[in-house]
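Here the structure of chain A is known, so what remains is to put chain B in place on it, guided by the hints.
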Amino acid sequence: MQRTIEARGIPTIGITLQKKVTQQVKPPRALYLRYPFGHPLGEAFQVNQQRTILLDALKGLENITEPGTILEPGYVWRRHRFE
Amino acid sequence: MGKLEDLKNAMLVQLFKRVPWLAERWAGHHRFIRGEGIPWTPLGKPLRECRIAMVTTGGVHLKSQPPFNMEDPDGDATFRAFPTDVDKAELTITHKYYDHSAADRDINVVLPIDRLHQLRKEGLIGGIAPILYSFMGHIDGPHLGTLMEQTGPKVAELLVRDGAEAVFLTPA
Numbered sequence: 003m004q005r006t007i008e009a010r011g012i013p014t015i016g017i018t019l020q021k022k023v024t025q026q027v028k029p030p031r032a033l034y035l036r037y038p039f040g041h042p043l044g045e046a047f048q049v050n051q052q053r054t055i056l057l058d059a060l061k062g063l064e065n066i067t068e069p070g071t072i073l074e075p076g077y078v079w080r081r082h083r084f085e
Numbered sequence: 002m003g004k005l006e007d008l009k010n011a012m013l014v015q016l017f018k019r020v021p022w023l024a025e026r027w028a029g030h031h032r033f034i035r036g037e038g039i040p041w042t043p044l045g046k047p048l049r050e051c052r053i054a055m056v057t058t059g060g061v062h063l064k065s066q067p068p069f070n071m072e073d074p075d076g077d078a079t080f081r082a083f084p085t086d087v088d089k090a091e092l093t094i095t096h097k098y099y100d101h102s103a104a105d106r107d108i109n110v111v112l113p114i115d116r117l118h119q120l121r122k123e124g125l126i127g128g129i130a131p132i133l134y135s136f137m138g139h140i141d142g143p144h145l146g147t148l149m150e151q152t153g154p155k156v157a158e159l160l161v162r163d164g165a166e167a168v169f170l171t172p173a
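Here the protein sequences come in this chain order: A and B. Using this note's numbering, you'd call the opening residue of the first sequence number 3 and step up by one each time. Using this note's numbering, you'd call the opening residue of the second sequence number 2 and step up by one each time.
Next up, chain A with everything else stripped away, as it sits in the complex:
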C-alpha cells in the first residue's frame, strides 16, 4: 500500500510494529516501535506520546534521504517518559 502511494508520486512514511516484515516489504520510509499490536501511536489518551511519535515520523519525511530507511527512536513500551 505504502509503496503503491509512493510510486504514484506522493512521499510516504509508515509506523511499523514488525521490523522483519518491514525489512522484507521494503517501504520507502518507516518508523519502528517495539510496541504491541494495536498501539502504533502508543497508549490511549497519552497526548505527548502520540504527538511525539507522529511528529518523529513526519520529520522523517524531511530528513530521510536513503530509500528503505527504518527509524528506531527506541521508546520503551510503558517506560519512556514523553515530555
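I should point out that these hints are in silico values taken from the structure, not numbers from a laboratory. The model shown is predicted, which means the values in this text are computed figures rather than measured ones. Be aware that one or more of the hints could be misleading.
As the list claims (entries may be wrong) - Think about it this way: if two alpha-carbon atoms lie no more than 27 Å apart in a straight line, the pair counts; the simulated DSS-like pairs of lysine-lysine are:
#, chain 1, residue 1, chain 2, residue 2
1, A, K61, B, K122
2, B, K97, A, K21
3, A, K22, B, K122
4, B, K97, B, K155
5, B, K9, A, K22
6, B, K9, A, K21
Said to hold, decoys possible - Simulated coverage check for chain B against chain A, where a stretch passes if three residues somewhere in it have a Cβ under 8 Å from a Cβ of chain A:
#, segment
7, 100-112
8, 119-132
By construction, the Cβ of each residue, glycine as well, lies at the ideal position given by its N, Cα and C atoms.
Positioned in the frame of chain A, the structure of chain B alone reads:
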C-alpha cells in the same frame, strides 16, 4: 469461520499482543509481498507547508458504513473513506486480528486525527487532506491481487485528487 477458529484467533491476538517476538516468528512463516527495489518520491517542500494525508490498515470506519468482512479468512481488500474532520463518536473498528480495545477508547492510538489537527494548529504541518482512507490489514490469498492491482492504486489516485503532499500510514 467456526467458533473454534474464532477462539483460536482470539487467543493468538492476545498472545501476539503480549509477546511481540512470537508475532515476528509467525511472520517469518508467512507469505508477504517482497519488495523489488524501493519506490522513492522526495518531499517537495518543507513539512510546515505540506498537506498531510493519513491511511490506516487498522480497520477503522464510520458506524454508518458497511463493516469489513470478518468471515473470509483471506480478509477484505476493500477500503472505507471518511472526512478528516469526522466526529470521532461516528467511528468504529472492525478487525478481529488485533486487540483494538485501546483504540476503541481513543482512536488516536491507531489513527491520530486529533494529533494531526494539533500539529497543524502549531504550524508544524501546512494542512490536512480532507479524506482519510482505511483498510483492514489482514489480507491474503486472492485479495492480495485485488489490493495491489485495484483498491491500492485507487486510493493512491484519490490521494492525488485530494491534493495530498505526503502520506502517514498506520498499521493495526
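Outcome of the hint check:
Distance restraint check for K61 (chain A) and K122 (chain B): the Cα-Cα separation of roughly 17 Å lies within the 27 Å cut-off, and the hinted pair is therefore satisfied. With a CA separation close to 22 Å, the supplied pair K97 (chain B) and K21 (chain A) stays within the 27 Å bound. Between K22 (chain A) and K122 (chain B), the direct Cα distance comes to roughly 36 Å. Violation of the 27 Å bound is thereby established for this hinted pair. Between K97 (chain B) and K155 (chain B), the direct Cα distance comes to roughly 25 Å. Compliance with the 27 Å bound is thereby established for this hinted pair.
Restraint check: the Cα-Cα separation between K9 (chain B) and K22 (chain A) comes to about 24 Å, which is no more than 27 Å; the hinted pair holds. For the suggested pair K9 (chain B) and K21 (chain A), the alpha carbons sit about 25 Å apart, so the restraint of at most 27 Å is met. Counting residues of the segment 100-112 of chain B whose CB lies closer than 8 Å to any CB of chain A gives 10, so the stated coverage by that chain holds, three being the minimum. Requiring three or more residues with a Cβ within less than 8 Å of a Cβ of chain A, the coverage given for the segment 119-132 of chain B holds, as 4 such residues are present.
Consistency note: the structure conflicts with earlier hint 3 alone.
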